[in-house]
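Q: Heads up: the sequence lines are chains A and B, in that order.
In this text, residue positions in the first sequence follow my numbering: the first is 1, and each later residue adds one.
In this text, residue positions in the second sequence follow my numbering: the first is 1001, and each later residue adds one.
Hints were generated in silico from the structure; no laboratory data involved.
Some clues are possibly wrong.
Pairs of lysine-lysine residues, derived as BS3-like cross-links and limited to a Cα-Cα distance of at most 27 Å, are as follows [claimed, not checked]:
id: 1; chain 1: B; residue 1: K1210; chain 2: B; residue 2: K1049
id: 2; chain 1: B; residue 1: K1298; chain 2: A; residue 2: K174
id: 3; chain 1: B; residue 1: K1222; chain 2: B; residue 2: K1049
id: 4; chain 1: A; residue 1: K233; chain 2: A; residue 2: K170
id: 5; chain 1: B; residue 1: K1301; chain 2: B; residue 2: K1136
id: 6; chain 1: B; residue 1: K1298; chain 2: A; residue 2: K233
These figures come from a predicted structure and were not determined experimentally.
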Amino acid sequence: MSETTEWKGYLLSYSNGSLFLQSPYIHDGLTVYGPDSDSTTMAVAGIQYLHAQGQKFTTIRLPNSIDAQVVYMSTSVDSPQRNEELDDEVVDWHLIDGEEATLVLSQSNDEHFEFVEPSGTELMDADLFKDMNAAWEQECSPQHVSQGAYVSQSQYHEGGAARLSLASQKFAGKTIWPPRQMDFSGARLPPEDALLADAATVESWTKLSAAGAPSEFSLRAPILGGVQTVLVKFEEGPRGVFLVCDDVDYSPRIGDQVHFGVRRIYAQEGLIRYGLKAIPHSV
Amino acid sequence: MIVAGDGAFLDSTGASLGLRAESNRLNQMLVHLRRVMVDVAVIGAGQTKYGNHQLGLKGMWAEAAENAFASVDQNFDPRQVDEAFIGSVAFGGGQLGNTAALLTEHSGMEGVAVRRVENACASSGFALRDAWMAIKSGQADIVVAGGIEKMNDLSPERKRFWLGVSGDTEWERLAGLTFPGTYALMARRHFHEHQSSHDDLVHISVKNHKHGFENQQAHLRKQVSFEKAAGGFMVADPLTLYDCCPTSDGASCVILAADHVVRQFTDDPVWVRSSGAGSDRLALHDRPSITQLVATQKASKSAYSAAGITARDVDLAEVHDCFTIAEMIATEDLGFADSGQGGIFARNGEGIRNEGSVCLNPSGGLKSKGHPLGATGTGQAVEVFKQLRGSVESERQVRDAEIGLTHNVGGSGATCAVHIFGRDRNE
Chain A
1 MSETTEWKGY LLSYSNGSLF LQSPYIHDGL TVYGPDSDST TMAVAGIQYL
51 HAQGQKFTTI RLPNSIDAQV VYMSTSVDSP QRNEELDDEV VDWHLIDGEE
101 ATLVLSQSND EHFEFVEPSG TELMDADLFK DMNAAWEQEC SPQHVSQGAY
151 VSQSQYHEGG AARLSLASQK FAGKTIWPPR QMDFSGARLP PEDALLADAA
201 TVESWTKLSA AGAPSEFSLR APILGGVQTV LVKFEEGPRG VFLVCDDVDY
251 SPRIGDQVHF GVRRIYAQEG LIRYGLKAIP HSV
Chain B
1001 MIVAGDGAFL DSTGASLGLR AESNRLNQML VHLRRVMVDV AVIGAGQTKY
1051 GNHQLGLKGM WAEAAENAFA SVDQNFDPRQ VDEAFIGSVA FGGGQLGNTA
1101 ALLTEHSGME GVAVRRVENA CASSGFALRD AWMAIKSGQA DIVVAGGIEK
1151 MNDLSPERKR FWLGVSGDTE WERLAGLTFP GTYALMARRH FHEHQSSHDD
1201 LVHISVKNHK HGFENQQAHL RKQVSFEKAA GGFMVADPLT LYDCCPTSDG
1251 ASCVILAADH VVRQFTDDPV WVRSSGAGSD RLALHDRPSI TQLVATQKAS
1301 KSAYSAAGIT ARDVDLAEVH DCFTIAEMIA TEDLGFADSG QGGIFARNGE
1351 GIRNEGSVCL NPSGGLKSKG HPLGATGTGQ AVEVFKQLRG SVESERQVRD
1401 AEIGLTHNVG GSGATCAVHI FGRDRNE
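Bound conformation, chain B alone (with noise of 0.2 Å):
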C-alpha cells in the first residue's frame, strides 16, 4: 500500500484505494510517519588541515564551509540550510557564548537556526548525531553539522587548564589528573589485566603516524620507527608523547540530507546508515572498570543493530585515538577484537591500511591526523564521506571500501557518540 501526498491510499499500481485520509490530524501523522522513515545523507564535507593555524575562528570556519560546499556535486547554496549544529569546547573562552551564531554569520548562512554543542571531545560527534536526527525527525531537510577548536593561540600555563576541564575537576584534577594521566590509568590497568604491554601501543602509534604521513590534512605528517615511538619523552607513565595526540586548530564541516532531496545536489551520496550513543559515568573511579568504556558499547551497540551490521562487516574505521591506548581499547569495546586482545589485534597489525581485518584511522586518527577537540568527530565524518566516495589521495585509499564507521568520544569517556556509513542505505 501506498500513501500519497494528499492522503490517498493507493495499491502497488497506483490505483486508489477507496480510502482517504479525511481528517488533517491523519494528514499530519502520515507526513510524520513518512519523514520517521527518511533516510539521511552526507551529500558534502570538508575540513581545514589540522595544525597551528594562523587563522582565527571565523576564518578556519569559512575555510572548512567553504571545502564542504564545494565537495557537493550540483550547485549548493548555504541559505538552503535548515538547522545547523556545531561542536566546541570554546577552547581558551574566547569566544564561549553564541560561538555558532558567529560562525553561521561568516559562512553564508546568516539567520539559520544554530547552536553550539558541547560534550568536549566528542562535540561533533554529538553535532552530528543532532543534525542526523533533526532531519529524522522530519523538522529540517538539509541540515550542517560541524565543529571548531582554537587551541594553539594559549600560553602553555592557560593551555594545560582547558586540557582538563572535561574530566570530573573536583576529585580528578585535585588528584592532579589530566587527560594524560588518566589515559596513563587506564593503560597501566590493561597490561596488568590483559598482559598488553607498552609496545603494543606503539605498533598503534607507528601505524597512525603512518598512515597520516600520507593525509595532506594531518597535524602531524611524519612517520616514525618503532624505537623512535618507543622512547620517547614521558609525558604520564606509561604514556610517552608518542601516545599522546597533538593539540590542533581545526574546522570540519558535514552537510546531510534528507533522501528525497539528496538528487538535488548528488548522484554520489554516502549514506548515514545509523546513529548511536551512550554516557557513562564521568570520573574514571566511579566506573564499574577502566579497561572498557560502556559509552562506545552502549553506542556501538546501539549503531550495529540500527544498520543491521555487526563489527566484522566494517572496511574502515575513524577511532578516537587521542592516547594510543584509547584506540587499543575501542579496538575492543567496538568488536574489532575480543575483550582483553586489543594488545595482540595491535601487535598482528590487524588496523593497517589494506593489510589487516579492518582500517584503524586512515587519516592517522587523533594522533597523526591531529586533534582540535570540537572539530574531530565532524572531521572523522570527512574522511569516512572520502573514503567511500573515493576521493582521498590514491596512495591512502582503503581498497573496496563500502562501509566506514566513527567513533568519538568525550573525555575519558563519559561520551560517546558513533556513527556508520554505507555506499548503500539500510535495506
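With the rest of the complex left out, here is chain A (with noise of 0.2 Å):
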C-alpha cells in the first residue's frame, strides 16, 4: 500500500504494480470528474504517472469509454482499440474505467483491487456539476457544429502530438515548437522526434470575459467566469500560449513555473478536441 499521490489534478495510489486513479472531486457522495476532465484525461495522467515512475510501456489495452487516439497522441503508448494490428498477446497493460471517476491501470489480472482510499477531495459546487455537465453534454451533440471558421478534424490531428504531448522537431542546433514545414531556405524541416520539458515560464496572462471569449467556450465560459489563458516559454526556447485548467483556482503572474496536463478543450460536431493545459506548480 502507499500513501496518495497528487499528479497533474488526479490523486492516485500505487500498490502491488497497480495504480489507482480517482477525481478528486465528490458531488452527491459520489465520485465526479472536474469541469474539464473526464477519463480519457486521467487515463493519460496515469500512464504519464507509470512512465514518470520508469515503467516503459508502449501498449495498453483500453475500455472504449477511452479515446484510444488521444491516448497515443499524448504518451505514444498504442492500443488494440486504436490499431487493429496490435497482437494482443504482448499487450502486458490494462485500464479498467470505475463506475464513478476511478481508474486502475495494471498488469495484473485480477477482478478486484484494493486501495487506500485517496485523501485529499473534496465536494463540487452542485450548481457548477450540473450547469457543467449540461453543457458538455451541449457540447458534445454532433448537432453542435461550427458556425464559420474553426479547428477541422484534420487539422486538429495533423498538430495532435505536438499539442498533447509536447513533441518537437531539433533543427540546426534549434528546438522548434509548435512544428513548422520549413526552414529560410525552402526545405523541409525533420519530423518532431522530441519532447519539450513539462515545464515553462509564464511571460504573459491575460482572462477573457465571457463576452470575449471565443464561441467554441461560449457555453462554458459563463458558468466558469471567463477564460485564463498563459504565453509561457519553455526551457528550451519554444513559446506557446495555453488555456489554465478549469479547476484550478489560478491568479498567474509573470515569472511562475507551470506544468501541463491533458484536458477537455471544446467539442464540436461530436468530437472532442483535447489539449494541454497549464497548472501552475504551487497547486
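From these two lone chains plus the hints, build me the complex, please.
A: Below, the structure is given as C-alpha cells:
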C-alpha cells in the first residue's frame, strides 16, 4: 500500500504494481470529474505517471470509454482499440474504467483491487457540476456544429502529437515547437522526434470575460466566469499559449512556473478536442 | 535628355539629338520606364459613416463610392476605372465569394477588372497598395481601392466565431484567444518590460474619443473621462471595454490616378508618396518579441525610405488602434517614440491634435471612428486625404498638415501596410 499522490490534478495510489486514479471531486456522495476532465484525460495522466516512475510500456488495452487516439498522441502508448494490427498477446497493461470517476491501470488480471482511500478530496459545487455537465452534453452533440472558421478534425489530428505531448523538432541546433514545415531556404524540416520538458515560465497572461471568449467556449465560459490563458516560455526556448486548467484556482503572475496536463478543450461535431492546459507548480 | 513619345531622343531644349529608338522593343522599354517613374495621386475619397447600418453590402458600398466620386473636383465617370481592389474579410460569410464583383456591379463599374483583397483587418490597406502598384507598373491609369465590412447583422455567438478567424486558429484559438486576449497578452508584457501601465492606455482611449467626438463619420461619437475609461468593464484583463474598438459596419473608397491624368480630375490632388508593407509570423507565441510588431517596422522603414522622410516629418497619422495597446506599440514601431517609450508618449499627450508633436488618429481611430475590418485601411486614407486638403470639419482640422501616414495592421501583426501621403510629390 502507498500514500495518496497528487498528479496533474488527480489523486493516485500505487499498490502491488497497479495504479489507482481518482478525481478529487465529490458530488452527492459520488466521485465525479472536474469541469474539463474525463476518463481519457485521467488515463493519460496515469500512463504519464507510470512512465515518470520508470515503467516504460508502449501498449495498453483500453475500454471503449477512453479515446485511444488521444492516449496515443499524448503518450505514444498504443492500444488494440486504436491499432487493429497490434498483437493483443504482447499487451501487458490494461486499464479499467470505474463506475465513478476512477481508473485502475494494472498488469494483473485480478478483478478486485485494494487501494488506500485517497485523501485530498473536495466537494464540488452542485450548480457548477450540473451546469458544466449540461454544457458538455450539449457541446458534444453531433448537432453542435461550426458556424464559421474553426479547427477542423484533420487539422486537429495533424498537430495532435505536438499539442498533446509537446513533441518538437530539432533543427540546426534549435528546438522548434509548435512544428513548422520549412526552413528559410525552403527545405522541409524533420518530423518531431523529441519532447519538450514538462515545465515552462509564464511570460504573460490574460483572463477573457465570457463575452470576449471564442464562441467555442460560449456554453462554458459564462459558468466559469471567463477563460484564462497564459503565454509561456519553455526551458528549451519555444513559446506557447495555453488555457489554464478549469479547476485550478489560480491568478497567474509573470515568472510563475507551470507544467501541463491533458484536458478537454472544447467539442464540436461530436468530437472532443483535447489539449494541454497549464497547471501552476504551486497547486 | 528627354524621350519623346515617338521614341526620339531630345535635348533639354527639345531639339533632336539625332537618335531614334528604332525597335519596338526599345520603344516598349521606354514607355515602361516612363510609367515606372509615374507618381500616383488620390483624386477622390469617400466613405459611409461607420456604425450599425441598416444598409447591406451593396447599399453601403454604393454610398461610399458615391461620396468618393462626388469628391473628385472635375466630373468623374466610374467607367473610366481600369482596375478595382476591394478589401474585405467577408465577415459572416454572407458573400464570401466574388464579393468585389458584386460591389462594382452596383457602383457603375460594371466590367472593371476587380478582385477582393483579404489580409484580415489590413485588407484594404493592401488593396490600396495593390491599386498603387497597378498604376506604378504602368498597367492602369485610374484605379479604385476600397473596403467594406458588414459585422452587425450576426448573432453575438456567430460574431464571436468570425472575430477570431484571423489568428493562428489551430494554436491560439484552442488556447481560448480571440484578439482582445491576444492584445491583452501584449499589453501585460509591455507593462512588465517597459514600466508602462494601464493608465497610459487610458490616455490613448480618452484622446481618440475626443478626436472622434467631432467626426461626423465616427461610430462612437462620445467623449469619455479618464475615470470612466479607467474603470470600464473588463473584457480581457488588463484591457477594458474602453481599450477595445467597436465592431462596425462601413465602407470606404479611394480613387487613385497616374500623374499624367491627374489634372483631368483635380488641381488639388493628394500624392501617395510611398507604400510600404511587411509580414510576420501569424501566431504571437512564434515571434521573438510580443511588445513590437516587426511587420509595422518593416513597412514603415520601407515607406519612410521611399518617401525620403522620417517620422519627425509626419504631421498626422491614422494608426491601427484596434486596441489601445496597439496604438502604444505602433507609436514606437512607427518611430514617433523610442522603443519602450510609447507609454510616456501617451502620458504626455504627444498625439493630441494641434497640441502634441504629431496628431495620432485625428479621425478618432478604430477606437472611436470604428473598425469595419475590411474598410478600415482605405477609411484611414479617406481621413488623410480630407485632412491634407483641409476639407474635414473645421474644428478637427490638423493645422498646417502637409504629410500624413496611414498604418493598417492585419490581426495581431501578421501583416501591415503603411502609406505616406503628401501635399507635394516626392522630390
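Q: Are there hints from earlier that the structure breaks, and if so, what are their numbers?
A: none
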